[in-house]
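Residue-level listing of the chains:
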Amino acid sequence: MSTPLLSVKNLEVRYLSATAKAVKGISFEIQPATCLAIVGESGSGKSTTALAIARLLENSANTKASEILFEGKNILNASKKELRKLRRERIGIVFQDPIASWNLSRKVGTQLLDAFDKSERPERREKLIHFMEKVGIDKAAQVIDMYPYMLSGGMMQRAMIAGALLGNPVLLIADEPTSALDVTVQADLLHLLSELRKEQGLAMLLVSHNLAVVSQIAERTVVMYSGEIVEEGPTSTLINSSKHPYTVNLIRSMPAMDQPRKVNLYTNEVRNASSEGCVYANRCPLVIPICNSQKPELQLIGETNVACHRHSEVKKLLEVSNGSITSDS
Amino acid sequence: MIRLRAKISSSRGQSTNISHKVGTWSFSAFVILLLTVIFFPGLFAPYDPLELDVINRLQAPSKAHLFGTDEGGRDIFSRVLYGTKDSVGASMVIVLMASGTGTILGAIAGWFGGRIDFYLMRMVDVFLSFPYLVLAMALAASLGRDMRSAILALILVWWPSYARMVRGQVLSIKERLFIRAARTVGASNFQILFWHIIPHTYRTVGVRASMDVGYVLISLTGLSFLGLGAQNPSPEWGLMISNARSYVLASWWYSVFPGIAILLVVSLFIYAADRFSGAER
Amino acid sequence: MAQLLQILDVNKTFKSGNSKVKACQEINLTIGEGEVVGLVGESGSGKSTLANLVLGLEKLDSGSIKFEGVELEKLLKDKSKSFRREVQAVFQHPLLSLDSRKTIAWSIAEPLVINKIGNSASRKARVLELLAAVALDEGTASKYPSQLSGGQLQRVNIARALALEPKLIICDEPVSALDVSVQAQIVNLFLDIQKRLGVAMLFISHDLAVVRHISDRIAVMYAGKIMEIGDTDDICESPIHPYTQALLSASTFTEESDEGREKLKLFRREEVPQKGCPFSTRCPHAIALCREEEIKIQSFASNQESSCLRAQEIFPNLAKK
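Chains as they are written, first to last, in the numbering used here: chain Z, 1 to 329; chain G, 1001 to 1281; chain Y, 2001 to 2321.
So that you can see chain Z by itself, here it is in the shape it has in the complex (with noise of 0.2 Å):
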C-alpha cells in the first residue's frame, strides 16, 4: 500500500466542558485521492473527528493523538501560521449548515476571497467563478457580488465547497455536507463531490448519519459508535456483510422503497450496560455476558475491521431473529 495522505493514530478529544471523550483513540488513513467516510449518529464524535483533524477545536477541546500526519507531517505540533497555510492550501472544510456557516451580511465573493493575500484577489476571484461554475451554479459571475440570504440552501452550500476547493486542496473535509438539504439536492451535490474528487484527483473525509449517501461515493467508511471506531472497510463490503450489530442497525433502520409498508422499521432498545464492556453493549440486541465484561478489540476479518465479540454470527443471528427484535418500545 502506498504512503497514506493522513494517518491518524489513537485520537482522543475530550471538550473542555464535559468529563467523557466525545472520541477515545480511534485511528484511521486515508490515501491519496480517495473517500474514506465517517458514519454514526449524532453524539458518535464523528464531527469532533472531523474538527480536531483541522485543529478547529483548538479553544474548546482536549485534543491527543499519538500522531495525526498529514503529507508526512505531523500537525499536531504545527504552529498557527502553518495551520492557516495549511487550511487555506492544503486542506479544504465544509459545513454541514450552510445558513449558519455564511456571515449573510457580506457578499458571497468577498468572504470566499478573505483568506487569500490582497494582491491574489483578482487572479483568485477567476478561479472561484470557474469552480462556483463547476458546482453547477449558473451565471457564478454575478452570484458572486450577491449576499448570501439571496441563495437557497442548496446554492449556499455550493458555494461553500467552490470556495473549498479554491485553494486547490489535497483533502476535503465535508461534515455533514448534505444534511440540511433536500433529498433531491442532496443526490445532485453527491453526485457533483464525486465528480469533482475523480477530476481533481482530491481525498476526501466525508461525515455523516446516512449511509445512503456515503454509500455512493466512499470508498472506505468507519463506523463509529459512542466515540469508537466498531467497524471500518471497504463501503459495499461494510454494506452488504456488515459484521458488527450496529452497522446492520444503521443499514436497517432506513426507510427503504423496497420494504413492506407500514411495519415497523428496525430499530432496537436502549438498555444500561456496564462501563467496561463492549460501548454498544447498551443497545446491542445479541448482548452475551462477555460483552458486558469485556470489550472486544478492532480485528481484521476478511477484509474489514470488526470489534464485536459475535461478530461471526451476527448476520446470522439477525437474519433469524429479523421479525422478533423489530419491537420499539
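I should point out that these hints are in silico values taken from the structure, not numbers from a laboratory.
Under the rule of at most 27 Å between Cα atoms (straight-line distance), these lysine-lysine pairs were calculated in the DSS-like manner:
1) Z:LYS139 <-> Y:LYS2015
2) Y:LYS2079 <-> Y:LYS2167
3) Z:LYS134 <-> Z:LYS198
4) G:LYS1174 <-> Y:LYS2116
5) Y:LYS2015 <-> G:LYS1174
6) Y:LYS2321 <-> Y:LYS2296
7) Z:LYS21 <-> G:LYS1021
8) G:LYS1174 <-> Y:LYS2143
9) G:LYS1174 <-> Y:LYS2074
10) Y:LYS2081 <-> G:LYS1174
11) Y:LYS2015 <-> Z:LYS107
12) Y:LYS2079 <-> G:LYS1174
13) Z:LYS127 <-> Z:LYS81
14) Z:LYS139 <-> Y:LYS2275
15) G:LYS1174 <-> Y:LYS2077
16) G:LYS1174 <-> Y:LYS2022
17) Z:LYS295 <-> Z:LYS64
18) Y:LYS2296 <-> Y:LYS2059
19) G:LYS1021 <-> Y:LYS2143
20) Y:LYS2020 <-> Z:LYS107
21) G:LYS1021 <-> Y:LYS2102
22) Z:LYS198 <-> Z:LYS73
23) G:LYS1174 <-> Y:LYS2020
24) Y:LYS2124 <-> Y:LYS2081
25) Y:LYS2143 <-> Z:LYS21
26) G:LYS1174 <-> Y:LYS2102
27) Z:LYS295 <-> Z:LYS316
28) Y:LYS2195 <-> Z:LYS262
29) G:LYS1174 <-> Y:LYS2059
30) Z:LYS139 <-> Y:LYS2022
31) Y:LYS2066 <-> Y:LYS2079
32) Y:LYS2020 <-> Z:LYS139
33) Z:LYS315 <-> Z:LYS295
34) Y:LYS2167 <-> Z:LYS262
A few chain G residues facing chain Y, derived, Cβ under 8 Å:
35) ARG1176
36) LEU1177
37) THR1184
38) HIS1200
Even glycine gets a Cβ: it sits at the ideal position worked out from N, Cα and C.
Based on the hints, put chains G and Y in the right spot on chain Z.
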C-alpha cells in the same frame, strides 16, 4: 472568512460557568445586605438619624462617630444607613415599576403590532427625544417638590427605554416555532404573551434593570441635590451632599461619605450587570 | 370513509416588495377519518404553507378548507375552540417547538390547561400516561428541553399533540431534523399511534421513502401545485408524473449508473416559469405545449390523479376516468 466559531463556542469550558456562579452569589449576598439595611437600618445604626445634638456639630470621624457628624450634630454613619431606604430602595422601586410597565407595554406593542404598536411607540419616541434628566427635572418640578413626585417622574422617564427594548425582542420571539405550537393548541393572545413571550425577556430585562438601579440612583440623588426630591431632614444621600456644600472645605467627611456610598452602590450594580450580560454570551 | 378534512381550490400568494411567491395554487386534497395522507415535495414547494393554512396560522387568499364539513374560518372564530382540540401539529424542529423555559411536564400539560380540561391532579396523571405512550420515562417530566436529545424531544412533541385526543395531526417534516436511526424510531411511534388511536394524519416530508412507509395515500407537490395524487403503492410503483419519477429515483438506494446520472439532471434547481407547467424547465418530456398551457389535474383509472399534460402520451395504456 466563515464562521467556524459558531460550531465550537457552543461547548465553552466550565471555568466561565464557575466564576459566573461565584459572581451571582456575591451579588445576591450584596443585594440581601442592602435590603436588610433598607428594612432594618436600626440593626446597624448606632444613633437616631434625626436626633439633633448641636454641641457635637461637625465633628471629624472618631470612634464615637465613625463618619463624623453634620451641622446639627447628627451621626453621618447612621444617616447614610437610614438614607439607603430613600436612595437605593427608592431607586429599586423606580426600576421595578419602570421595567414592569415597559416590559408589558413593549410586549403588547410587539405582539399585536399595527395601530397599537404605532401609537405606543410614538409615545415612547416622545419621551426618548428629551434628555432624560432634563425631562425628569421638569416633571418632578411640576408634580411638586417632594420624594413621591421625584419617584413618579423617574418612572415616567425610564419605562420607555424598556418598552422599546422588549418590543424589539418580542418581534423576534413571536416568530419562533414554539409560539406557533402554542397557537395550534389554542392558546389565547393573553396566554401566549404572559406564559411564553414575557418570560423569554426576563434575562435581558434583568441585566438592564440591575444596571439601571445604578443610573437611577445617580439621577434620584441628583434630583434631591437640586432640591426636587427628598426634603430636609430626610437622610437621602443626594440631599445630604447638597446640605454639605457650605462645609466642603472645613468638614470634608460630611460630603465625602454619602458620596462614597453612592459610588459604591452604583458601581456594584453596573459591574454586576456587566458580568451577567457577559456570562449570557 | 367519511371526509374529515377537505381542502378545496385553495390559493395562497406571499408578496414581498415586487416579487410574488405563489405558495399554493388551486390545491385540492381530502383526508378521510383515520386516514394518513403523505405530502411530498422539495423545500419551497408550498407544503409547509399548506400545513399552516390548515392549522389556521395563515389566512388563505381564496378557496376553502372544511373540517368535518364546517368552514375553517367559522371554526376558528368559535369561542369553544373545539377545532384547536381536534387538530394538532408536530413540527420539524423538536427543540424549537418547545418553550425552553418550561419543563416537559408543563409543555405537555399546556394544551389541557388552555382548554380547561381536568384539575391539576388529573392533568399530572395524564402527563405521565402520555409520557408512557411515547415511551419516555417519568423522570423526563421534570426536565427542561435542553436536557433531552432530538428523538426524545420529538416524542415530547408527539405526547403534547396527543394530549387533547385529536382527530387529525398535521406532521410538518417531523423526522427530517433527526438522525437516521432515530428517524426510524419516530416513524415507528407514529405507526403505533396510528394503529392504536386511529387518528388521521397529514404527513409532510421531502423524503418519499419515509412518507411511503406510513401513508395510505400520497400527494406530490411542486412549486405550489399538486402534481400527482394516488394510493401509496400506485405512486411508488407506477408513478405517472415525471416529477414523481424523479423524486423516486432520488430516494432509492442505488449504485451509480449511467441511467442514474441522466436522472440527476432532473434535480437541478431551475427557475419556475410564469406560464405553463412549473416542472417544464426540468422535465425530460417537456414540449412547447407544456410551457404554454396551464396544467390541470386529471383523474385516471386506478384512482391516480396527475397534472401531466402528456401522461397519456408517455403511458399509452393509461385510461382516463
